[in-house]
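A.B. asks: When you get a sec, could you build the whole thing from the sequences and use the hints?
Chains as they are written, first to last, in the working numbering: chain S, 20 to 253; chain F, 142 to 315.
None of these hints come from the bench; they were simulated from the model.
Warning: the hint list may mix true and false statements.
[To be verified] Listed next, the in silico PhoX-like pairs over lysine-lysine satisfying Cα-Cα at most 25 angstroms (straight line):
1. F/K287 with S/K100
2. S/K197 with F/K256
3. F/K256 with S/K230
4. F/K178 with S/K169
5. F/K223 with F/K256
6. S/K85 with F/K286
The primary structure of each chain is shown beneath.
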Amino acid sequence: MVGSALRTATRPAFRAASAGNLARCVSGTAVNTFVRMKASLPDLKYDYGALEPAISGQIMELHHSKHHNTYVNSYNDAADKLAAAEASDDVAAKIAIQPLINFHGGGHLNHTLFWENLAPKNQGGGEPPSGELAKAIDTTYGSLDDMKKKFNAALAGIQGSGWAWLVKDTQTGNIGIKTYANQDPVVGQYIPLLGIDAWEHAYYLQYNNRKAEYFGAVWDVVNWKAAEQRFSKA
Amino acid sequence: MASQTYSLPKLPYRLNQAEATSSSNLVHHLTHQQAIKFNAGGHMNRTLFWESMTPASSAKAGPEGKLADAINARWGNIDSFKAAFEAVALSLQGNGSTWLVKDPEISILEFMTSKDQDVVPAGKIPMLGLDMWQHAYYLQYFNNKKSYAQRWLAVVDWTAAEKRFQAGDLGDVY
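C.D. replies: Following this line, the structure appears as structure tokens:
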């Protein structure tokens with residue numbers, strides 16, 4: 020029973036983190052045991068400079084090899100500490116480590132999804148959505164441009180660090196736009212379809228404080244195919 | 142950390158005097174409150190940040206007088222203080238500030254962090270504050286927050302911090 024609860028809890032993480040399994044269930048014995056695998060930094064499907072001029076190669080390299088990598092390493096540290104606390108059934112320690120799991124695990128999930136929903140023009144970046152997701156966008160927002168306006172307004176409204184996501188509501192099937200603070204991941208009721216990083220490290224070297232310019236430019240490299248796949252799987 | 146509670150000022154009209162969209166007026170009012178809190182906090186925090194610093198050529202290596210005594214009593218020496226301050230600064234998740242504050246009621250010095258543009262809560266007096274928003278260091282240090290925090294400690298205006306330490310209340314600080 021514990022095994023199935025764990026499996027349910029990790030399933031969204033597994034789907035989201037295509038970079039590497041965060042948990043693998045080993046069965047065939049009387050009790051299902053989980054072999055915890057380390058999170059790892061996913062490779063990008065494009066070069067660091069491939070998203071220019073929307074996002075500079077300098078930003079992409081720092082963002083992927085430093086920021087995301089730090090989330091991966093810090094998540095693994097926190098996961099080790101959590102495992103140790105679980106092994107000794109130290110409830111206080113388990114609770115104390117939760118903010119670090121949330122922050123670094125969330126950072127890893129968010130950035131993994133982000134790299135996948137960006138693409139250079141020669142890999143479809145910037146091409147508008149099609150299929151069921153396109154229909155849902157038109158039904159919900161009227162048009163893609165209207166959706167982008169609302170999305171960019173949400174991004175502009177983030178005070179501090181965070182992300183804006185196009186999400187699917189698993190309860191209603193509707194799509195919507197939600198913002199999350201810091202590295203809080205999209206889990207639970209909502210499924211992440213498309214995310215844009217609004218942390219300053221995502222744009223500051225290139226756009227300085229002109230974040231509206233970044234929010235406008237990033238759509239040129241959005242990979243709607245990734246969002247469509249997530250929508251149809253949800 | 143404890144968060145400051147803000148009370149809504151009285152609206153200049155009774156809610157039932159507003160038009161049919163009274164709930165949207167309230168939302169509008171609350172949105173302005175949020176913007177006021179964020180921007181006012183940002184102004185206060187930035188002001189303290191600028192006033193926490195002085196050019197390296199005129200900066201003292203550390204505090205003197207009563208503040209030095211209090212820091213040594215709490216952390217042993219200035220180097221241990223700096224290492225501890227740096228650790229707190231690096232522990233901030235997201236944007237915010239790191240503060241050395243005095244609790245005047247129980248006469249202790251402590252570190253605290255405030256997230257985003259939240260201000261130091263009532264009851265604590267800030268001695269000095271380090272802006273940990275990414276825009277404060279990114280162009281120079283990229284993601285190397287440790288280097289930023291370490292180097293920043295070399296431009297702290299200890300004379301100003303000593304004055305705030307002697308201050309009786311927040312009126313002498315802000």
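A.B. asks: Indicate, hint by hint, whether the structure satisfies it.
C.D. replies: Here's how the hints hold up against the structure:
1. F/K287 with S/K100: holds (23 angstroms)
2. S/K197 with F/K256: It holds: about 21 angstroms lies between the C-alpha atoms, which stays within 25 angstroms.
3. F/K256 with S/K230: Answer holds: F/K256 to S/K230 is near 20 angstroms, not above 25 angstroms.
4. F/K178 with S/K169: Cα-Cα ~24 angstroms, so holds.
5. F/K223 with F/K256: holds (21 angstroms)
6. S/K85 with F/K286: holds (12 angstroms)
This entry satisfies every hint, going by the numbered hints stated previously.
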